[in-house]
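Just need the whole structure built from these sequences, with the hints factored in.
Read top to bottom, the protein sequences are chains A and L.
If you read the first sequence in the UniProt record's numbering, its first letter stands for residue 1, the second for the next number, and so on.
If you read the second sequence in the UniProt record's numbering, its first letter stands for residue 1, the second for the next number, and so on.
It should be emphasised that the hints constitute simulated quantities derived from the structure, not laboratory data.
There is no bait here: all hints are sound.
With a cut-off of at most 20 Å between alpha-carbon atoms, the simulated EDC-like pairs for lysine to aspartate or glutamate come out as follows: (1) Lys518/A / Glu96/L; (2) Lys72/L / Glu601/A; (3) Lys79/L / Asp526/A.
This one's a predicted model, so the numbers in the text were calculated from it and none came from an experiment.
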Amino acid sequence: MIPEIGHFALIIGLMLSILLASYPLYGAFKQKEGLMRLARPLALGQFGFTLISFLCLVWAFIYNDFTVAYVAHNSNTALPIYYRISAVWGAHEGSLLLWVLILSGWTAAVAVFSRTLPLDAVSRVLAVMGMVGIGFYLFVLLTSNPFERLLPIFPVDGRDLNPLLQDIGLIIHPPLLYMGYVGFSVAFAFAISALMTGKLDSAWARWSRPWTMAAWIFLTLGIALGSWWAYYELGWGGWWFWDPVENASFMPWLIGTALIHSLAVTEKRGVFKAWTVLLAISAFSLSLLGTFLVRSGVLVSVHAFASDPTRGLFILGFLGIVVGGSLVLFAWRGSEVKSHGRYELFSREVLLIGNNVFLTAATLVVLLGTLLPLFYKELGLGSISVGAPFFNDMFTVLVIPFAILLGIGPLTRWRRQSWAPLAMPLTIAGGVALLLAFALPWIFADSMTWHAVLGLALAIWVLLATVHEIRLRVGVKKDGLKGLMRLTKSHWAMVLGHVGFAVTLIGIALTSSYTIEKDLRMAPGDRVEMRGYQFEFKGVKPIEGPNYTASAGVLAVYKGGKELTTLVAEKRFYPVQRSVMTEAAIDAGLTRDLYMALGEELDGGAWAVRIYYKPFVRWIWAGALFMSFGGLLMLLDRRYRLKGRVVKAAKQQGTSPTLKQKEASA
Amino acid sequence: MNPRRKKRLLAALAILGGSGAIIGLMTYALTQNIDLFYTPSELVNGKGHSLEKPVVGQRLRIGGMVVPGSVKRDPQSLKVSFDVIDKGPIATVVYEGILPDLFREGQGIVAQGVLINATTVEASEVLAKHDEEYMPPEVAEALKDMDHMKSDYGKTES
Numbered sequence: 001m002i003p004e005i006g007h008f009a010l011i012i013g014l015m016l017s018i019l020l021a022s023y024p025l026y027g028a029f030k031q032k033e034g035l036m037r038l039a040r041p042l043a044l045g046q047f048g049f050t051l052i053s054f055l056c057l058v059w060a061f062i063y064n065d066f067t068v069a070y071v072a073h074n075s076n077t078a079l080p081i082y083y084r085i086s087a088v089w090g091a092h093e094g095s096l097l098l099w100v101l102i103l104s105g106w107t108a109a110v111a112v113f114s115r116t117l118p119l120d121a122v123s124r125v126l127a128v129m130g131m132v133g134i135g136f137y138l139f140v141l142l143t144s145n146p147f148e149r150l151l152p153i154f155p156v157d158g159r160d161l162n163p164l165l166q167d168i169g170l171i172i173h174p175p176l177l178y179m180g181y182v183g184f185s186v187a188f189a190f191a192i193s194a195l196m197t198g199k200l201d202s203a204w205a206r207w208s209r210p211w212t213m214a215a216w217i218f219l220t221l222g223i224a225l226g227s228w229w230a231y232y233e234l235g236w237g238g239w240w241f242w243d244p245v246e247n248a249s250f251m252p253w254l255i256g257t258a259l260i261h262s263l264a265v266t267e268k269r270g271v272f273k274a275w276t277v278l279l280a281i282s283a284f285s286l287s288l289l290g291t292f293l294v295r296s297g298v299l300v301s302v303h304a305f306a307s308d309p310t311r312g313l314f315i316l317g318f319l320g321i322v323v324g325g326s327l328v329l330f331a332w333r334g335s336e337v338k339s340h341g342r343y344e345l346f347s348r349e350v351l352l353i354g355n356n357v358f359l360t361a362a363t364l365v366v367l368l369g370t371l372l373p374l375f376y377k378e379l380g381l382g383s384i385s386v387g388a389p390f391f392n393d394m395f396t397v398l399v400i401p402f403a404i405l406l407g408i409g410p411l412t413r414w415r416r417q418s419w420a421p422l423a424m425p426l427t428i429a430g431g432v433a434l435l436l437a438f439a440l441p442w443i444f445a446d447s448m449t450w451h452a453v454l455g456l457a458l459a460i461w462v463l464l465a466t467v468h469e470i471r472l473r474v475g476v477k478k479d480g481l482k483g484l485m486r487l488t489k490s491h492w493a494m495v496l497g498h499v500g501f502a503v504t505l506i507g508i509a510l511t512s513s514y515t516i517e518k519d520l521r522m523a524p525g526d527r528v529e530m531r532g533y534q535f536e537f538k539g540v541k542p543i544e545g546p547n548y549t550a551s552a553g554v555l556a557v558y559k560g561g562k563e564l565t566t567l568v569a570e571k572r573f574y575p576v577q578r579s580v581m582t583e584a585a586i587d588a589g590l591t592r593d594l595y596m597a598l599g600e601e602l603d604g605g606a607w608a609v610r611i612y613y614k615p616f617v618r619w620i621w622a623g624a625l626f627m628s629f630g631g632l633l634m635l636l637d638r639r640y641r642l643k644g645r646v647v648k649a650a651k652q653q654g655t656s657p658t659l660k661q662k663e664a665s666a
Numbered sequence: 001m002n003p004r005r006k007k008r009l010l011a012a013l014a015i016l017g018g019s020g021a022i023i024g025l026m027t028y029a030l031t032q033n034i035d036l037f038y039t040p041s042e043l044v045n046g047k048g049h050s051l052e053k054p055v056v057g058q059r060l061r062i063g064g065m066v067v068p069g070s071v072k073r074d075p076q077s078l079k080v081s082f083d084v085i086d087k088g089p090i091a092t093v094v095y096e097g098i099l100p101d102l103f104r105e106g107q108g109i110v111a112q113g114v115l116i117n118a119t120t121v122e123a124s125e126v127l128a129k130h131d132e133e134y135m136p137p138e139v140a141e142a143l144k145d146m147d148h149m150k151s152d153y154g155k156t157e158s
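Put into structure tokens, the structure is as follows:
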């Protein structure tokens, strides 16, 4: 009974999204307030019914209702309760239901948190989100119904969740990632509704900025978490594989990063409007493309779900409608969008164009590398793969100008900047950065790679420039700490974002240069030394888990004769799915991780053992945390709430709000 | 030329030059990093209409089923060699390192590496079927005609 309720609730959700996509839009077109007022309750109702539907599926998992096909395929009575809940989004149907839930959640959030916006604007935005919703509700209901029953013959026990997904990282990774993906639909909806009216002003940019930032934060965290999960769960210590599905999430991130910068320019200076709209459309289109790549199974990937051509075709069609429709609208209305405001060749505007150009170029690189194998195959040219070196080389080249501009950008003024005041500090920063980049590896490492030098130089350059920028804003001599307090949260957001980038860059450069990886054949008692650490293999003992059995390899770690820690890595066997999984053991640290994974058993009691020394690998994810925290600070900035009140107050007085805001320090 | 036009011209030139450089670089990087996929029979008999054979030293990917009983391990190190097969001809893969969890005799695998003689690939990476329901599409295609398919993969659902 419960699964049927879930199914019906989802159908009601579809009906409400159809109403949401039509009535408020018509109301906004005809300026009928009654119809426009429907938008908010419809959005909330849509969310409510989708939530009911989702909870019904959760219920089916908790109570092991194996008459539901999806539950039977992805759960098992021996599975611990928390994995039973996360199994809801462990495979195709359920993860799409989660997708729809999050989409309706974002729609409801827009309805709730935009009370200060003009009614017709909200109606249009919600209607566009309703249109997106229709597509996804139909997708779930027509091609991937999670509530399908296996009656009358149903299994006594389920086939268990894929063991790879039985992990804390995978409980939160998909929801975070989806929050990011789907969140860009809000920026998309704002852009489309602005195109409809042709009113692309700085108010539009200001409204969509916090939403875009929120989505970007989730996407950043989601990607970082996915990378961290791959690092410890896949058992080979890699943190990024340029896997098609990773790329699918990376592309919206790159474009989203360009978008938050471009939105800032549009808000503050009223230029780049058309470009910003195009970026908003691209960010969401790339999210949809990512969905298509994952769901259709057209690409070889560790993430690929069982493939089904109708699903791929549906998403491809939907993608065509969304991209095609919005580009037609853009072509039709985009020409009316005029940017006013002048700027010189050396100004913050131009440096931000640089930011956008390089981020877009990076996106194109990833897009090409990801889709080329697909095109090759469809054209009948045979099966190819594009290797990771392609992406690595391209990104190494692109990051150089990007980071250099990133250092200069915050130091410049809008409109016009003269070289003279910057020449001295930038020369010093550049010199110090180069010096340290050569000195640090020379002192602390036994070899020097040009990747490490390059990465360090760029990261230190960005850090120094950022520090200098804060000093300029505050005026160190005058009031020191008090000056620091005066900086706005938005300003700190930018600082943290850029520092985060530098931190990640250091992590990537040092990890990829100084990682030591050894695959060894070890018998109990064998010892090996690596970077001052001695490892002794103590043998393998059996372990019994809730739904698996495991062999646990024990490795004692010594440093300077003293025992430091013991690493226990497991090789698990999951009987229900008959699959073997590696659980790595990691001793984490700020400057290095010690990583161990167990390979297969060899003759004579020996085992294949991986021992890795991974310096600064944590910095990669720490940088992402910095960036996300920066984003959060921006959301908390008073400007975005205060102005809401200003608009409201002005509206009540019947005057048009004064939107020109004194630019805080910038 | 008025200053505004001049600025635009400069901007347009910069974008053109930049994108040209990036595209050029990308094409170069791509030619270095595209790996063609071969099945063992394509390796031996040639691929496509022109029956093109890979040359020794070429980077490539090979996919097929691990021939049961062909896995040979070196007792002193982690060196391993095994044969892969699709419709008839056999190719050998040599590898040093830890094989993936799902590597088993009779399973489909994909190996990435360099051709060191006519039928031997020195692999830098070996990928195995990811779980019971999933296998690399290339391998599935290569194995389509094999009889083993029915018994081994008949359970696989769509």
